[in-house]
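*Asks:* The chain contents come next:
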Amino acid sequence: MTDATETSSFEWSSPQAHARRRRRYAADRRLKLYGIAAIAVAIGLLGILIVSLVAKGYLAFVETVVTIDVTVPAGAADPADPAKANYRAIVADSFGALFPEVTDRRALRDLNGILSRGASLKVRDMVAADPGLIGKTFAVSVPVSDPFDQLSKGVIDRTLPENRRRVSDREIAWFEQLEAQGRVEKVFNSGLFLDADSRFPELAGLAGAVVGSFYALLVCFLISFPLGIAAAVYLEEFAPKNRITDLIEVNINNLAAVPSIVFGLLGLALFIQTFGLPRSAPLVGGMVLSLMTLPTIIIVTRAALKSVPPSIRQAALGVGASKHEVILHHVLPLAVPGILTGTIIGLAQALGETAPLLLIGMNAFLTSPPGGIMDPATALPTQIYIWADSPERGFVALTSAGILVLLGFLIVMNGIAIFLRQRFERTW
Amino acid sequence: MTGFILLAIVAFSLIAFYVGRSSGRRFVAAHGPEVHSRPVYHGAYVAIWVGMPAFVLVLLWLLLQGTVLDRLILATLPEALTAGASAAEQALLLSEIRNVAAGRIFGTPSPEVIVAGETLLRWEGIARWAMLVVAVALMILLLLGVRSRLSPRFRARQGFERTMSGLMIFSSVVAIFTTLGIIASLVFEAVQFFKLVPPHEFFFGLNWEPQIAIRADQVAGAGAFGAVPVFTGTLLIATIAMLVATPIGLFSAIYLVEYADRRVRAVVKPIMEILAGVPTVVYGFFAVLTVAPAVREAGSVIGITVSPNSALAAGGVMGIMIIPFISSLSDDALKAVPRAMRDGSLAMGATKGETITKVLLPAALPGIVGGILLALSRAIGETMIVVMAAGLMATLTANPLDGVTTVTVQIVTMLIGDTAFDNPKTLAAFALGLVLFLVTLCLNVVALRIVQRYREKYE
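Chains as they are written, first to last, in the UniProt record's numbering: chain B, 1 to 428; chain E, 1 to 459.
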């Protein structure tokens with residue numbers, strides 16, 4: 001009882017009590033502040049990530065081209081077989097004509113270094129498409145090589161001492177001469193989306209990787225969608241509650257958390273080594289990705305099935321439908337928006353997955369897009385990985401641009417998923 | 001060809017469906033209400049029993065054709081070429097034959113190989129046509145056989161539904177097959193590895209230099225497979241990641257659950273979740289391009305030399321990736337604490353902060369721990385960030401400014417490029433993979449158990 005009297009005589013307005021209260025409130029505010037700081041750090045880091053990617057990547061969406069007048073001498077190419085001629089020399093001569101004062105062999109070679117290696121190929125393709133160009137002079141816009149692309153974009157600092165940059169004063173002077181003639185332009189880099197990979201950053205594009213990713217995702221979808229839905233329907237609607245279904249459930253939850261690289265090892269040992277399927281093929285990549293996506297689709301589909309109220313099932317059963325009919329005719333159609341949302345999210349995850357594709361060899365260097373699911377191919381994330389490993393400066397911008405394209409696909413897919421969820425979501 | 005056969009299967013299934021359905025309709029017309037199943041079920045029953053076996057046959061054929069043809073080709077080769085050849089030499093020979101068959105001829109292959117290549121090409125053509133013929137014949141036989149079973153009293157619906165159930169059960173068992181496949185392939189290759197390198201050397205050796213001598217008489221590069229530095233490197237990077245992610249994730253979860261109003265929550269939560277959706281290769285590039293130079297710069301400002309592939313940069317970026325896992329799992333755990341406990345504490349005059357630290361956190365602790373364990377498992381198994389940002393040299397160090405290597409980095413570096421399944425370097429990757437799988441499996445099982453058991457307690 002003494003305690004009670006002591007408590008009741010507590011001096012609430014004493015300075016000690018005030019101090020205590022202040023301390024407690026301060027602790028409360030501190031905790032709140034930590035929370036805000038934590039969120040600020042997380043969002044700030046995301047911001048830094050995106051800003052650094054955009055800052056590096058936007059440069060790759062434009063390319064520097066120089067317009068030159070190419071003369072194909074009448075004797076240099078055979079009109080019957082116009083693709084077979086020394087176009088490198090033709091382009092070099094035409095380009096050299098712009099700089100009549102340059103005669104030294106070394107200087108001429110350096111001068112030609114301004115143009116990309118793709119320049120002669122572009123001229124060849126033009127002449128091959130129209131043999132009438134032989135003997136004529138025509139204007140062509142050709143990409144410049146990587147150092148000059150960087151120079152024109154301002155990545156290479158012209159004020160640095162000569163020995164610390166990749167282009168010499170003489171080369172800069174030539175390039176400025178071209179600029180003064182109005183021959184240099186920056187145009188949208190359509191090759192980024194239309195060309196496949198290349199050793200030269202100014203020629204490399206994402207087309208091969210996009211096609212490879214598409215095939216792999218197609219295989220992944222064709223396998224994991226039906227299997228995932230069937231498994232989810234069974235587990236949610238039919239499965240008896242026993243040891244075996246418990247085991248299956250634990251298994252699915254675990255598979256969702258198995259490191260992706262382990263799936264790569266599985267694909268390598270089982271599909272490539274044991275079954276002898278081709279390396280680097282989107283088929284194998286898609287199969288591996290589908291095994292990874294399967295748990296996601298099963299879990300999401302089960303959630304969608306669960307959200308369909310039991311009254312619907314009971315009503316259908318009540319009018320004499322069989323259990324399969326209840327599910328096929330009533331439950332599944334109502335669950336479709338949820339299932340699709342989950343599938344798209346699962347495929348988006350698969351699209352960004354890199355490690356298993358590295359192990360099954362989808363990081364090959366290929367200069368043409370794959371023609372089918374059995375052809376060697378790369379995928380978007382592995383292409384990014386290859387570029388990130390390349391030493392040329394131009395690949396830094398290209399990698400960032402590739403990442404922006406990949407993130408663009410992911411945003412679109414997630415956007416569709418969110419749209420589906422909001423458009424078709426139903427509350428019972 | 002394969003696409004053509006699959007199309008043929010679809011077409012035959014459709015035909016089968018119409019055949020079955022028209023039989024069903026005839027039964028209905030002739031016998032009326034006595035017919036057991038609706039016509040559409042007759043159709044579905046026939047279709048599924050025509051299409052499915054053919055599909056399975058084609059799949060098996062495609063899977064086995066390569067191996068069977070390889071065996072047959074090897075058998076046709078003269079004794080002199082195959083006698084005493086190891087598995088690797090046989091594989092080399094086969095790939096040469098396959099290259100010749102595909103028209104990619106390097107150097108001058110021996111005449112036997114050219115002959116074998118031509119044979120292989122011929123046999124492949126035969127096999128392709130044989131597959132089509134066998135599949136179509138099978139489908140016709142099945143169509144005739146199944147159709148003859150149809151009758152007015154035939155329980156087509158039950159038959160169809162039983163088959164569907166069977167297919168569904170098969171689909172759900174795929175998860176088990178996958179797990180078994182993972183375990184089998186890892187264990188099989190790891191056992192091969194442990195035949196070459198004794199397990200105690202792998203698990204307790206302090207020296208990891210997997211560079212294998214190319215020639216038998218080469219002096220340097222015998223290859224050492226002591227995995228301890230790789231394991232400690234993995235732990236070091238994972239620890240750094242957890243040190244970054246746990247406080248940020250936990251505090252942001254606390255703020256979002258307890259302090260933030262609904263609008264802030266609705267904005268901040270999706271933004272945080274973007275962090276989880278960013279592909280890991282992007283984080284890897286970010287680590288190499290932005291974070292690692294920044295860490296080096298900071299180090300040189302205060303006069304410390306930082307390795308270009310510091311564990312700090314790789315682990316820090318990995319921590320950023322893991323923040324949303326910890327925050328959303330802690331979020332769930334905090335929300336699962338019953339309202340009454342919160343109200344009780346507040347009613348006693350405790351501040352919000354005291355309620356959180358003294359009541360909510362202890363109550364939600366198991367769920368939070370479960371979430372942290374799941375995140376740790378993710379950090380250990382994470383590949384791309386460390387492949388791009390961590391080092392390749394296995395150094396036994398606890399200094400976060402040094403470069404260390406991880407299990408996943410070693411697996412990727414050892415398996416990129418040409419893979420021969422008989423040298424210890426390749427097989428070591430599978431041994432590491434087995435360890436990785438088992439460790440993450442244990443962490444996942446424990447974490448999922450904790451999370452589940454904890455959830456059930458309050459519901």
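What the hints contain is simulated information worked out from the structure, not anything from laboratory work.
It is possible that some hints are incorrect.
Claimed, not checked - Cross-link-like lysine to aspartate or glutamate pairs, in silico, EDC-like; alpha carbons within 20 angstroms at most:
(1) B:K32 with E:E201
(2) B:K32 with E:E258
(3) E:K358 with B:D28
Keep in mind that this is a model prediction, so the values were computed, not measured.
*Asks:* Each of the hints needs a verdict: does it hold here or not?
*Replies:* For each hint, the structure was consulted:
no.	hint	result
1	B:K32 with E:E201	51 angstroms, violated
2	B:K32 with E:E258	9 angstroms, holds
3	E:K358 with B:D28	12 angstroms, holds
Of the numbered hints stated above, the single one contradicted by the structure is hint 1.
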